Structure formats: structure tokens, C-alpha cells
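With these hints in hand, go ahead and build the complete structure from the sequences.
Number of protein chains: 2
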Amino acid sequence: MGKLTKFIAILALPLLVNCKYIGSYKKDSVKYDTCDLSQSLLNEIHSYEETANTIINTIVNGKYKGGTYKELAKFVDKFGARLSGTQNLENSIDYMLELMRANNLDNVHGEEVYIPHWIRNEEHAELLEPRSAKLPVLGLGSSVSTPAEGIEAEAIVVTSFDQLKLENVSQAVKGKIVVYNEEWTGYGGTVQYRSRGASEASKLGAVASLVKSVTPFSMSTLHTGEQDYEDGVVPIPTASITKEDANMLQRMQDRGDTIKLKLVLNYTQYPDSKSRNSVGEIIGSSLPEKVVLVSGHIDSWDVGVGAMDDGGGAFISWYSLAILKALGLRAKRTLRAVLWTAEEPGLVGWAGYNATHFHELDNFTFVMESDEGTFTPLGIEYAAGVKGGCIIKEILKFLAPINASQAQYSTGGVGSDISAWTQSLIPGGSLLNANEKYFWFHHSPADTMDVLDPDDLDKATAVWAVVSYIIADLSEEFPRERDQINIEALNKLQTDPQVKLVHNKQ
Amino acid sequence: MGKLTKFIAILALPLLVNCKYIGSYKKDSVKYDTCDLSQSLLNEIHSYEETANTIINTIVNGKYKGGTYKELAKFVDKFGARLSGTQNLENSIDYMLELMRANNLDNVHGEEVYIPHWIRNEEHAELLEPRSAKLPVLGLGSSVSTPAEGIEAEAIVVTSFDQLKLENVSQAVKGKIVVYNEEWTGYGGTVQYRSRGASEASKLGAVASLVKSVTPFSMSTLHTGEQDYEDGVVPIPTASITKEDANMLQRMQDRGDTIKLKLVLNYTQYPDSKSRNSVGEIIGSSLPEKVVLVSGHIDSWDVGVGAMDDGGGAFISWYSLAILKALGLRAKRTLRAVLWTAEEPGLVGWAGYNATHFHELDNFTFVMESDEGTFTPLGIEYAAGVKGGCIIKEILKFLAPINASQAQYSTGGVGSDISAWTQSLIPGGSLLNANEKYFWFHHSPADTMDVLDPDDLDKATAVWAVVSYIIADLSEEFPRERDQINIEALNKLQTDPQVKLVHNKQ
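Listed in order, the protein sequences are those of chains A and B.
For reference, each letter of the first sequence is one residue, going 1 to 506 in UniProt numbering.
For reference, each letter of the second sequence is one residue, going 1 to 506 in UniProt numbering.
Keep in mind the hints are simulated off the structure, nothing from the lab.
Mixed in with the good hints there might be a few duds.
Said to hold, decoys possible - Derived list of chain B stretches under chain A, where covered just means 3 residues or more per stretch with a C-beta under 8 Å from a C-beta of chain A: (1) 77–84; (2) 130–136; (3) 150–159; (4) 216–230; (5) 250–257; (6) 437–446.
Keep in mind it's a predicted model, so treat the numbers as computed, not measured.
Ideal Cβ placement from N, Cα and C applies to all residues, glycine included.
Shown next as C-alpha cells:
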């Protein structure tokens with residue numbers, strides 16, 4: 001068998017083993033409100049009350065109060081941004097591995113993976129007509145450069161892909177710079193203009209594309225993020241502009257003004273470089289092969305310092321294990337903290353980990369990731385079946401003293417790195433938190449410690465520690481039965497180009 | 001008499017004439033809630049109901065709906081920022097004078113005044129220790145430059161002037177860069193660190209100073225603004241940094257880290273240059289010498305486009321007159337729109353105007369300025385006595401259909417340019433509006449059209465037009481009786497260095 005064939009065969013194995021999990025989506029959601037756990041299971045969960053209180057109090061009022069914030073601030077102040085492929089990211093990984101060793105976690109190690117290495121050199125843009133002005137720009141990850149002397153071209157503003165494809169518009173695009181002035185309709189919909197905008201514009205002959213920063217709120221704030229060139233299209237330079245400038249360009253076009261821009265965008269795409277997912281464990285006392293995984297990603301974009309995205313998620317994952325260890329709490333199953341590398345360029349660290357650990361996935365009892373903010377914690381968003389949801393709800397009652405008892409069912413998966421897992425095979429949870437403003441700061445210079453609050457981070461660490469510890473320690477295995485399974489996500493485990501990429505390199 | 005003596009004599013004249021206005025502050029504020037206007041005055045005010053409704057409807061629902069926003073957008077898109085001393089500001093003034101002429105306003109003209117001309121060339125800063133990072137900076141108006149090669153020095157972070165003056169701190173300042181990490185306690189208190197920070201640091205031998213941007217909220221946003229060197233201190237370069245970076249530097253210092261910075265700040269202070277306050281009128285039908293003045297300032301800082309500060313205020317002032325004119329409404333008294341130049345460097349346009357028009361101030365019936373935002377209008381904040389307040393309240397009842405009927409008494413003056421007038425001699429009003437977020441955007445790149453809303457601007461124009469027109473048209477003169485008069489403000493009219501400056505130059 002060739003490497004890839006063998007790989008797909010390995011991937012298919014759990015499918016056969018786990019085919020029972022594939023079911024149709026049951027529309028009756030009422031059942032999620034009524035739990036019917038056995039009295040023995042309830043009794044067992046309730047027996048953790050004292051332990052849960054000890055964990056919460058130690059973190060929120062005791063020895064570790066303020067600790068997550070303090071440690072994270074020290075970390076981001078020391079390293080700043082941690083862009084995929086940079087030595088600075090590797091230094092920050094060394095630092096975390098050192099911390100985990102200092103906590104006496106078990107099996108502390110980095111797991112190698114190749115990751116993209118794209119960097120921003122010089123970038124600036126000017127509005128030449130109808131008036132002269134600087135136009136702040138922020139290149140999108142993996143963008144190619146303009147020629148050194150830049151590109152001067154007319155701009156054409158569109159509000160949607162549909163508008164771009166209108167006959168009179170699409171025929172006018174050739175040789176121009178396409179400016180996407182899309183409406184914010186939520187991240188999932190809007191981010192398409194960032195990730196696919198250059199490709200769609202290139203297909204029509206555009207020489208570059210600019211995208212309104214993907215955010216619901218702006219203070220003339222630039223937001224970067226990954227973009228992908230579709231196979232076969234001519235790669236064109238692409239960057240974000242502010243919402244304010246996109247709106248201004250729209251007004252100018254609506255007035256009939258000719259808009260002329262000059263773009264000088266210079267980036268370097270280096271060969272993939274070696275990085276590591278950082279791992280530390282508390283090995284299980286009686287079921288060491290079974291794993292409850294807590295995680296966040298350590299890499300960030302190159303603007304801001306990645307305090308929120310995803311310093312907070314990485315640090316509550318590391319710190320909850322460090323505290324459980326210090327409290328002498330060893331669960332039956334292994335608790336594993338993974339600090340993913342290179343989430344930002346496309347879950348690349350995860351993809352490598354998934355490839356290496358695919359044989360082990362059947363032993364993954366529950367996977368957790370926090371990558372949508374560590375604002376005021378409300379509870380857990382979970383991807384699990386009815387019984388699993390009921391267990392989570394029961395556990396979360398312990399979090400009532402810090403108002404974090406909400407269990408919210410996700411119709412999809414949860415997390416970012418763990419999303420394909422939790423959409424298909426493996427039950428999991430992410431931190432439910434008051435993250436209404438998450439995308440205000442996301443991928444922007446405003447992602448700093450100021451976004452975070454020490455008390456909120458304490459509470460988030462407490463939620464993380466209590467939930468992961470109890471699930472890892474229950475005598476009963478967390479149920480894998482699911483209402484639905486996302487076949488596309490399952491296919492992603494096999495066909496993700498990043499998985500192939502990493503696999504081929506290793 | 002020398003010029004200055006003569007000037008002060010002229011200044012003193014209204015003091016004698018108006019000495020009845022000087023009274024002690026009456027603590028009983030209950031009376032402000034009870035009005036006792038004569039029935040004839042009430043009847044006269046009520047007779048404006050149809051006119052008020054016509055004005056409001058024409059602006060909010062009719063022909064001029066969206067007009068203020070549309071015209072302001074066209075203006076800021078055309079000119080961008082309008083910094084004191086620049087040709088671009090003068091071009092924008094020409095544009096406004098042209099607009100006023102096109103509206104057939106009376107007596108349209110510019111009134112010359114000399115204004116400061118300070119510009120930003122290059123500026124960048126680096127954190128050298130404890131780690132290497134770029135530190136975004138934004139120089140403060142009138143700052144001197146560093147040497148071309150920059151300044152490298154240790155930084156010392158203080159949270160207040162009191163802390164700066166502690167013995168162990170003040171003795172350590174010499175040769176260092178002082179970083180003000182002041183708490184936001186409202187603009188009036190906090191802005192002291194921007195305006196006086198360099199002087200206070202220089203007195204102790206600092207080589208430069210940085211100030212946390214003066215704002216209650218930041219998205220890593222830089223805010224500039226004017227600063228003043230105290231007479232006799234060595235002028236040192238000074239700039240703002242983000243709240244986030246100020247907090248980071250504080251944490252570094254608190255950890256015991258040595259902080260080393262490099263600053264390259266390059267600015268040019270040119271000689272004062274000629275500018276103009278833009279004036280347009282609807283000359284009064286029977287009392288043309290009496291003036292109701294509406295105003296805002298046309299200049300802005302060089303970041304953002306000054307849409308909010310103070311494009312909105314300038315445009316509701318111009319547009320309300322343009323609409324009254326188009327509606328054929330000529331009041332008994334003269335309605336005068338003044339678009340102040342060079343407010344930002346220290347009310348310089350006003351100071352020149354005040355010097356030229358001091359002889360006329362006794363004829364100023366009521367003065368209005370909007371310079372604290374044109375967000376959702378709520379009514380009028382006024383500086384007037386009990387009877388004046390009651391008249392305003394009665395007029396504002398007409399604004400009930402747009403929920404802008406609140407009359408709020410100001411214990412000080414109102415407005416910025418008109419503040420010394422309204423603290424002392426002349427009754428006046430500013431736009432009361434839902435401006436809780438004003439200082440989020442103030443003096444920053446985020447001051448753009450996106451801050452404003454077309455409906456809000458319509459309503460603001462309607463409030464401005466209704467209030468100014470009725471006060472200008474009432475048969476009874478708006479009462480000048482005041483509860484208090486601010487002697488300091490009155491002195492300012494005589495002693496303001498800008499007044500002297502302008503006076504000496506003219």
C-alpha cells in the first residue's frame with residue numbers, strides 16, 4: 001500500500017468500529033430538556049461535590065486567584081504575537097513545555113508537525129482618485145505580493161459574490177482591484193469574502209482584491225486572517241481594509257467617482273517549517289489509555305498579541321491541568337492538555353496530530369477546546385448525545401456558585417481544531433462564554449490582555465478543570481451515542497489537504 | 001493707549017454694562033423644574049407650533065431627509081482630515097463658503113484669523129527591552145521633535161502626577177522617558193495628562209513623555225490632541241500610546257523589568273498661517289443687529305476625517321440655516337452660522353472672532369455650538385437663567401415627535417469655542433445627545449462617517465433649526481439673567497494668550 005492508501009485505510013477503521021454513531025438527526029429537541037440518568041450515575045456525579053467545590057474555590061478565591069491572567073500576561077508580554085512558522089512561536093512553545101515540566105505534569109513533550117511560514121514585510125496602499133489619502137491595509141495570510149513597484153489600478157466595489165457575478169460587473173472586473181464591501185451577517189457567512197474573495201476576483205481577471213475587515217464593529221480596525229487560493233486560479237495579492245474605508249469607497253463609487261488605488265503589498269511565503277503541538281498529561285490511574293483532552297492553540301496572527309485568540313484558551317487548558325496536578329487529583333482516565341500549533345493557517349497543528357493519533361481516537365473519551373473567547377464563562381457548549389448532554393448538565397450544576405451552569409447543545413461540532421472530531425466521532429465541549437464582542441478583536445491589533453478579565457479567566461479555568469476532571473474520573477465511559485454525525489466532517493478527517501500535506505511530509 | 005490696553009478696555013465695557021449678571025450660585029435647583037412664564041409669552045411660543053412641525057417634518061421625513069449625512073459624507077470624502085494650518089483646511093473652508101452662497105445665505109464671508117500650523121512627519125517607536133516590539137505612537141499637537149536619530153532611554157511608568165512627584169520617583173526621572181498610565185476618570189480630568197504631561201515630566205528632567213490615549217475604550221486605538229508647554233520648561237517630545245501598551249508597560253515595570261524605548265518623532269511647527277471663520281447669515285427682519293449664533297468647528301485633527309469632531313456640529317449649523325432660508329423663514333433677529341477654524345489647537349478661530357466681535361457681544365442674544373457629538377439628539381444643554389431655561393423647555397416641547405425635548409441645565413458653560421462666552425456673559429446651548437461613546441472616537445482614526453447615523457443627523461438639524469429660529473424670532477429678547485457667572489471665563493476673554501496672540505498679529 002502507498003502511504004496515502006494506508007492512511008485512508010487507517011482513517012476508515014474507526015468508521016467501521018463506530019458505525020453505530022451514524023444516525024439521522026432527530027428533530028425532537030424537547031428531550032434535551034429532560035434527563036433520565038440512572039440513580040447510580042447521579043449518585044456518582046453528586047459524590048464529586050466536595051472535589052468540585054475545592055477546585056472552584058482554590059481557583060476563584062484561593063491560591064490560584066488571578067493566576068491564569070497573571071501567567072498569560074507574563075507570557076504575551078514576553079513573546080507578543082506568535083505567528084506560524086516563526087522562531088518566536090517556537091520559543092513560546094519551549095516556554096510552555098518548560099512550564100508544564102515545572103508543574104510536574106506527566107509525559108510532557110512536543111509533537112512535531114510541519115506548518116506554514118508566511119510573513120508580512122511591507123504593505124501600504126493609497127487612494128489616488130478621487131482624492132489622495134493613505135489607505136491602511138493588512139494583508140491576508142498566504143497572500144502573494146504585488147510587484148515591488150506596486151499595482152496602480154481602478155477599483156470596483158461589490159457588496160457580494162452575487163453582485164460580482166452580475167454580467168455588467170463581472171465584465172468590468174478585468175484589470176481592476178475588486179473591493180469587497182460585504183455586510184456582516186455573522187462570522188461564518190462573512191468570512192467567505194476573506195477566504196475566497198481573491199480567488200473569485202481572480203477568476204474574472206482582477207489584479208488584486210481588498211476585503212472589508214470581517215467584524216461587526218470597527219474603530220478603523222484592520223483584521224487579518226487566512227485566505228485560500230482555489231486550485232487553478234492565478235493568485236492575486238489580497239488584503240483587508242477597514243469597514244470605514246470600504247464604506248467610503250462604496251460611497252465614492254455610488255457618486256460616480258472613478259476610484260484609483262495604488263497597492264504595495266510585500267509578503268514572503270517560506271517553505272513549511274517544523275513546529276510542535278505541546279502536550280502535557282496527568283496519566284489516568286486505572287484507564288490510562290483513555291483520554292480526556294483539553295486544548296487551545298498557542299499560535300496567533302502577527303497583529304495584536306493573541307491574548308484572546310487563543311492565549312486564553314491555551315492557558316485555561318494548561319493551567320487547569322497544572323492546578324489539578326497540584327491538588328493531587330489524578331482521574332481514572334488520562335487528562336491531556338494539547339496546545340495546538342498553527343491553528344490560524346488552517347488547523348495545521350491539529351491535522352498533523354490527527355494523522356499521528358488517528359489510531360488512538362477511539363480512546364478519546366471527551367475532547368475540549370476553548371477558542372471562542374474566555375470572557376465571562378456561562379458553561380459548556382457541547383457536541384454529544386442526549387445522555388452525554390445530561391451528564392454535562394449534571395456536572396455543570398457544581399458551577400452554579402460562579403454562574404457557569406449552562407449546557408448548550410451544538411447542532412454542529414465545537415471548537416476549531418477539534419471541530420471535525422466533534423462533528424463526527426468524538427463527544428466534546430467548548431467554553432460557553434459571553435463572547436458577543438469576540439469578533440470585535442479577532443485577528444486584529446486589539447487582541448491584547450485588555451480584552452480579558454482576571455476573574456473571568458479564573459472562572460474559565462475552574463469550569464475547564466471541574467468538567468474535564470469529572471468526565472475523566474467517572475467509572476462509566478462518557479457515552480458516544482450521537483443524534484447526528486456530520487459525514488462531511490468525517491470525510492474531512494480523510495481528505496483535508498492539510499492532513500495530506502502533513503502526512504506526505506512526515 | 002497701547003493696542004492691548006485698548007483691547008482690555010473694550011473687554012471691560014460689557015462687564016460694566018452687564019454687571020447685573022454677576023451673582024452668587026443659588027443652590028436651590030428645584031426652581032428649575034417649575035416654570036412661570038407669562039401667558040403672553042407662552043402664547044407666543046405656542047404660536048410657532050405649525051412652523052416647528054414644518055421644519056421638523058421637512059428635515060426628518062421630507063425633502064431634506066438624509067441630507068445632513070449625505071452632504072457631510074460628500075464633504076469628508078472629498079477633503080478627509082482638515083488640520084489647522086493646512087491648505088486642505090482652507091480648501092474645505094472655500095467649499096463651505098461656496099455652499100452657503102449657493103444657499104443664498106446673506107453676508108457670506110470668511111473672517112481672517114491666524115492659526116497654528118503644526119504637522120506630523122515621521123513617527124515611530126520601539127520597545128527595545130524587555131522584548132523587541134513596535135510601539136504604535138501618535139504625536140501630540142505642538143510637540144517638538146526628537147533628534148533625527150531618535151532617543152533611546154529607559155522608561156518610567158506613573159499612574160498620576162502625584163505619583164510622579166513622589167520623592168523616589170521624581171528623583172529617578174532625569175534622562176528617562178515618562179510614560180503616563182493614568183486612569184480614565186472622564187475627559188476633563190484625564191486630558192490633563194495629555195495637555196500638561198510633557199511639561200511636568202520635563203520639569204523633572206525627562207527627555208520625552210508618552211501618554212496613555214485619553215479614552216474610556218480602546219481597540220488599540222491612538223488618540224492625539226493638543227498639548228501645551230508651560231512657560232519656561234524645556235520642551236520635550238511627546239506622543240500618545242495605546243491604552244493596551246500603557247498597561248503592558250505598567251505590568252513590565254511592576255515585574256521589575258527594565259523598560260527601554262526608542263522614539264523617533266518628527267514634526268514641523270510652521271509660523272502661524274492665515275485661515276478664516278466661515279460666516280453665513282439670514283439677516284433679521286426687524287432686529288438685524290441682534291444675533292442668534294449657531295456653530296461648530298470645521299477643522300479636525302489629522303487622523304480620522306473629523307466626521308464627528310466636528311463635521312457633524314459644523315454641518316447641522318450650516319444646514320439648519322440653509323433649510324430655514326429655503327423654507328423662506330426669516331426671523332426678527334439675525335441668524336448667524338459660524339464654522340470656527342482651528343478649534344483643535346486651542347479655540348484659536350474663536351479667539352480671533354472674539355477679539356474682532358467683542359464690541360458686538362452685547363447683541364448676541366443666544367449662542368449655540370455642537371461639538372460633543374451628533375449622536376441621537378435628546379434636546380439642548382443650556383447655560384441660561386431660570387426664565388431662559390423655561391423658554392428653552394417650552395420650545396423643546398415641539399421636538400417631542402423626535403424625542404428631543406430634554407432641557408438640561410449646565411452648571412458651567414456649553415460648547416467648546418463658545419464656552420467662555422456661555423460661562424460668563426451670553427446665554428447659549430449645545431446639542432444634548434446620546435454621546436456616551438464620543439470619547440471612543442475623539443481625535444482618533446476612528447472618527448469617520450461610520451460613527452454617525454443619517455436619521456440622528458436629521459433630528460439634530462431639526463433641533464438646531466427649531467430652537468435657533470424661535471429664539472431669534474420671539475418678540476421678547478432672550479433673558480440674560482444668570483444664576484452664576486464664571487469670573488475665570490470672563491477673565492479668559494481678556495487674558496487668553498490666543499486672544500493676545502491674534503490681537504497682536506492683526
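Hints, verified against the model:
| no. | hint | in the structure |
| --- | --- | --- |
| 1 | 77–84 | holds (count 4) |
| 2 | 130–136 | holds (count 4) |
| 3 | 150–159 | violated (count 0) |
| 4 | 216–230 | holds (count 4) |
| 5 | 250–257 | holds (count 3) |
| 6 | 437–446 | holds (count 5) |
Of the numbered hints stated above, the single one contradicted by the structure is hint 3.
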